[in-house]
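Asks: Hey, can you work out the whole structure from these sequences and the hints?
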Amino acid sequence: MERFAFLGRFARNRGALAGTVIILLVAFAALSAPVFFPTDPLRMVAQPELWPGEDPAFPLGTDSLGRDMLAMLVHGARATLLIGLFASAVATLIGVSVGAAAGYFGGWIDETAMRAVELFQTIPNLIFVLTIVVILGSTLHNIVIAIGIVSWTPIARMTRAEFLALRDREFVQACRSMGMGDFGIIVREILPNALPPVIVLSSLVVAGAILFESAVSFLGLGDPNIASWGRLVGDGRELIRSSWYICAIPGVAIMVTVLCLNLIGDGLNDALNPKLRDR
Amino acid sequence: MASTSGSSRRNAALRLLKRRLLQAIPLMLGVVVINFVLIHLAPGSFLELMTAENQVSDPATVELLRKTYGLDDPVWLQLVKYIWALMHLDFGFSYRQNMPVLDAIWVGLPATLLLMISSITLAFVIGVAAGVVASAKVRTVWDTAVSVAAMFFFAAPSFWLGIMMIVLFAVKLGWLPVSGMETIGGGGGVLDILHHLILPTLALGLFYAATYARVMRSSMLEVAQLDFVRTARAKGLSRRRVTLSHVLRNALLPVVTILGVQMGTILAGSVVIESVFSWPGVGSLLFDSVSSRNYPVVLGIMVLGSLVVIAANIAVDLIYMWLDPRIEIR
Amino acid sequence: MAAVPLEVSDLRTTLFTRRGEMKAVDGLSLSVGAGETVALVGESGCGKSLSALSIMRLLPDPPARIVGGAVKLNGRDIVPLSEESMLDIRGKEIGMIFQDPMSALNPVATIEKQIAEVVMAHTGLGRFQARARAHELLEQVGIPDAARRLDAYPHQLSGGMCQRVVIAMAIACSPSVLIADEPTTALDVTVQAQVLTLLKRLQAEAGMAMIFITHDLGVVAETADRVVVMYAGRKVEEAAVDDLFEAPLHPYTAGLIGATPVPGAVRAERLADIPGMVPPLNALPPGCAFAPRCPRAMDRCRTERPALTEPRPGRRVACFAAEKGPT
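Residue numbers (our numbering), protein chains in the order written: chain A, 4 to 282; chain B, 21 to 350; chain C, 203 to 529.
If you are wondering where the hints come from, they were derived from the structure by calculation, not from laboratory data.
Heads up, a few of these hints could be off.
[Stated by the list, open to error] Subject to a maximum C-alpha distance of 30 Å in a straight line, what follows is the list of computed DSBU-like cross-link-like pairs (lysine-lysine):
#1 C:K274 to C:K225
#2 C:K315 to B:K157
#3 B:K157 to C:K294
Replies: Below, the structure written as structure tokens:
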């Protein structure tokens, strides 16, 4: 019942609904890329710098090396979405662990955890990501981990706040008096109750991670085997005088995807706090 | 009963300053340790990388490097030595630039700080103004326009926004320079720099302006519901007066908090924008050092960058304290 | 003859909400003479505060709007006035005091600024003179060490002190009408008495007409000359304060008096409670709104709404049972 009410509230939010539909379309395009564009997207297929619409076979034109923009865009969606999702997962894992421990145990654990949060807010995050990626190597999973490492602090703060609010509630005390261990209480009793707002935040972290990844790739430090959207923008920047569409198109793709993820996050947030909607 | 004279608030501010500076010490230690350890995680020996990347082959120089970096010592001793050196403002020597690391960073730091400060100022002014307008005209075309604009700028990657603005304002319209900080030859005046500053500032600042506009709008609406707003209206003050002299200051508090949290992000973001606009800041030095694995410089940039963030955070704390007299220092 | 400071006639305020229109104030009439205190009494949700905000023209719009009636301030009806004209009236001709003094003051502005602001808005005084006036007002409302308190912030003062500041702001321009909306409810008992004494003294000095809103009949007995009892947006009884306590006509009034321990009152020892709750405004019964909770309700009460009658001059009641005989 509660779940249906939640979905109903979410679906009534037009922005969130539109965002979900578009993200599903992007995800579908990403998944079906090998079907529609089975050849390597980084292969030259036509004359370079064809403007969008100039040749119907290449609706989004070709880049400076004569590669099909549409094919690259669709294949790039895979990389961009995957990195966003996994980096957010890493951030959520770290953030929830740190936040849960801090909020549940309090004391010096809390103090240490909050100092760590402060520390990671102090380090200029993108510079840190670049350093990690260069030192450990520009591979997909290093990028994912690096972005996760700089994105966990808001999740830790929120998880901690939720745990602080929940840890002294009756049901938790009941479990404690029944002799349930700390780990069991954290994972089985408190976490499920603390999770909804954390999930909302995670969806926003996906958006942030996509922006991070695009910046890393734009700067040319991404995985050289993957043409993510950020790298496409970076590849096109030398040609902005003649063919600015090469930069514009993948950038629009990033913006639309991030925009939709933000809309979904806002929609989830509103659906979680129905009180705020009536204002 | 707290005393309320100006001098007591000044004392409170000094106490805050002292506490924040004390807290900064372990924070800086953390920054140094994390980055130091990270660099030592690098595959291959530090020395091999350094010598290979910097094309040093002369055995005497290699030996000198080994000595100066104390590379025969255990890692923890190297860390202690590095920290000891840092405390004496010795960030090491960069063979690539052939100058001390600190000097190399010092060259670009003013440009980076200029970009950072102008972006924060722009973001704050535009964001707050847009949020106030949207909340004053809530559920009108104005409100929608602000929300939509905020939504877009909140989602647009800053580097892409920068490139698109170069295309429109520099290439197509020719109003503003494409890149750099000064006109080559004959440039250098304050106006010239400001002229070059416009696009990078917009590219970096608009994302944060969008953030602040959203926060400011909801904060204004929330504060407008509070009792003291009704009291002010009962005194015969106009809606506008009440908004400007009572609601605004209270509503600014959450925006200032967020500003503090985002300092590190803004500094890092300026590095990307510097690359887009060939802005002569620390950014290019960072890329060069990162890709040539010139670790002393990378570490130095991290340490100095964190120092800038900490200083900015202290400034934000003082502003917050000035805005909200309820903040008492323990 | 000078006009009555405040004369409200047939005031109607409606809340326009998604769930329909609710008559929050339904045909309220009352007048307050110079130096007189009229208490507006009833449980929470009966329309007292909305009546006060209607008189101030400070209703949250949407959803609330005045749909009829007149509020005559010194003879002039202010209901049709523009918002701009109201700016010259609020704080100058009518002052208002609120329930929670801590939240009624801006936490980030000094006491001086908040008092000087109202002074400067309605007089030609400059910053410097306004500060002097603020100082004078703080002394007038009995704040010790006033000079130092001028630069204080609200959180540095106690609740009682804050309420004195709010009072100082309300009387700063010597208004002819003062509306006090539960001014002592949020305060400690000892402080309550001090604030009441202060209000009575200030009223006597300036000859202000005062509307005193409260649900505490003990306070009514101490401060009011006349009492208007409201229920579900309507006036159900009006009487001089002594008459009311001696012989309440409306069963609701009787219930309220029974529910309040009044020193010296007949039923002081009986702490009766009125059963049930104020009905929601969008689900009022067709007859008398109080009928479902009324111990004396008759069949007629459930179908027909009793009109306000005047059994004696200055004594009004809207109740069929009261028409038949005393409580």
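Asks: Now look at each hint and say whether the structure bears it out.
Replies: Here is what the structure says about each hint:
{"no.": "1", "hint": "C:K274 to C:K225", "result": "21 Å, holds"}
{"no.": "2", "hint": "C:K315 to B:K157", "result": "27 Å, holds"}
{"no.": "3", "hint": "B:K157 to C:K294", "result": "28 Å, holds"}
Of the hints listed earlier, there is not a single one the structure fails to meet.
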